Amino acid sequence: KAGVTQTPRYLIKTRGQQVTLSCSPISGHRSVSWYQQTPGQGLQFLFEYFSETQRNKGNFPGRFSGRQFSNSRSEMNVSTLELGDSALYLCASSYGPGLQPIYNSPLHFGNGTRLTVT
Amino acid sequence: AQSVAQPEDQVNVAEGNPLTVKCTYSVSGNPYLFWYVQYPNRGLQFLLKYITGDNLVKGSYGFEAEFNKSQTSFHLKKPTALVSDSALYFCAVKNSMDTGRRALTFGSGTRLQVQP
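Quick mapping for you: the protein sequence lines, in order, are chains A and B.
In the working numbering, each residue's number is its place in the first sequence (first place is 1) plus 10.
In the working numbering, each residue's number is its place in the second sequence (first place is 1) plus 6.
Rather than coming from a laboratory, the hints here were simulated on the basis of the structure.
A quick note: this is a predicted structure, and the numbers were derived from the prediction, not measured.
Just so you know, not all the hints are guaranteed correct.
Unchecked claim - Keeping only pairs whose Cα atoms sit at most 30 angstroms apart, straight-line, the calculated DSBU-like set for lysine-lysine is:
1) A:K11 <-> B:K75
2) B:K75 <-> B:K28
3) A:K67 <-> B:K28
4) B:K83 <-> B:K55
5) A:K67 <-> B:K55
6) B:K75 <-> B:K64
7) A:K11 <-> B:K55
Said to hold, decoys possible - Where chain B lies over chain A, by a calculated footprint (3+ residues, C-beta under 8 angstroms):
8) 50-58
9) 117-128
Backbone N, C-alpha and C fix where the C-beta goes; we use that ideal spot for every residue, glycine too.
Construct all of the structure, not just a fragment, from the sequences and the given hints.
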């Protein structure tokens, strides 16, 4: 079974631009979460989607947004990029066959998209 | 609010020796606890989890972790370290009562260096 796929692997953008990152979860996984990883702040939760609905959002400004499609693929968008947005953005999927996510099932992470803002 | 502390930024151990990576947590209810490992330029890989039941949890690649409720700890252990175990290890917690969200709170990570 293919793992979580994130594209692109690397991105270089300039301040003020916007960026869209893509995540394809493991087949059959309906829950997708996004995390930001930086050396200073560590791993921080961005948001979580299940069945095309945002279930939860972390403490990030409104410049950070996301969505999930009917095939469970997800995208996140960052507008008006700032230097501090430089980070590794990780997507994770988890199993949830029913109407609700299974909250203790492990997360399966992609290899991330490394975003550099200059 | 919940939190995770990994008190050691780095742990050094010789190959063949046992290893321990420490983790303590704070959560208002009963915890779900996880360990993940990250290799360079890769995402996190799930190692093991504690949900309920036996305090000793066995996971992938020979790793195990012991849940200690009184000490609010969930230390990762392996009897025999390998050079290939060198990586960044993250402990994570979730409040089991918080059924409305899946988000994990991660520790700051511990870099494990296994010397040949």
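Outcome of the hint check:
Taking the CA atoms of K11 (chain A) and K75 (chain B), the gap is near 36 angstroms; set against the 30 angstroms cutoff, the hint is violated. For the hint linking K75 (chain B) to K28 (chain B), the alpha-carbon distance of about 14 angstroms falls within 30 angstroms, and the restraint holds. Restraint check: the Cα-Cα separation between K67 (chain A) and K28 (chain B) comes to about 29 angstroms, which is no more than 30 angstroms; the hinted pair holds. Note on K83 (chain B) and K55 (chain B): the hinted pairing holds, with a Cα-Cα distance of about 13 angstroms set against a maximum of 30 angstroms.
Annotation: proposed proximity of K67 (chain A) to K55 (chain B) holds, straight-line Cα distance about 24 angstroms (limit 30 angstroms). At roughly 17 angstroms between alpha-carbon atoms, K75 (chain B) and K64 (chain B) fall within 30 angstroms of each other, so this suggested pair holds. A distance of roughly 22 angstroms separates the Cα atoms of K11 (chain A) and K55 (chain B); the hinted pair therefore holds under the 30 angstroms criterion. Only residues whose beta carbon comes within less than 8 angstroms of a beta carbon in chain B count, and the stretch 50-58 of chain A has 4; three or more means the coverage holds.
Under a criterion of three residues with beta carbons nearer than 8 angstroms to beta carbons of chain B, the stated coverage of the stretch 117-128 of chain A is upheld, 6 such residues being counted.
Hint compliance for this structure: hint 1 alone is broken.
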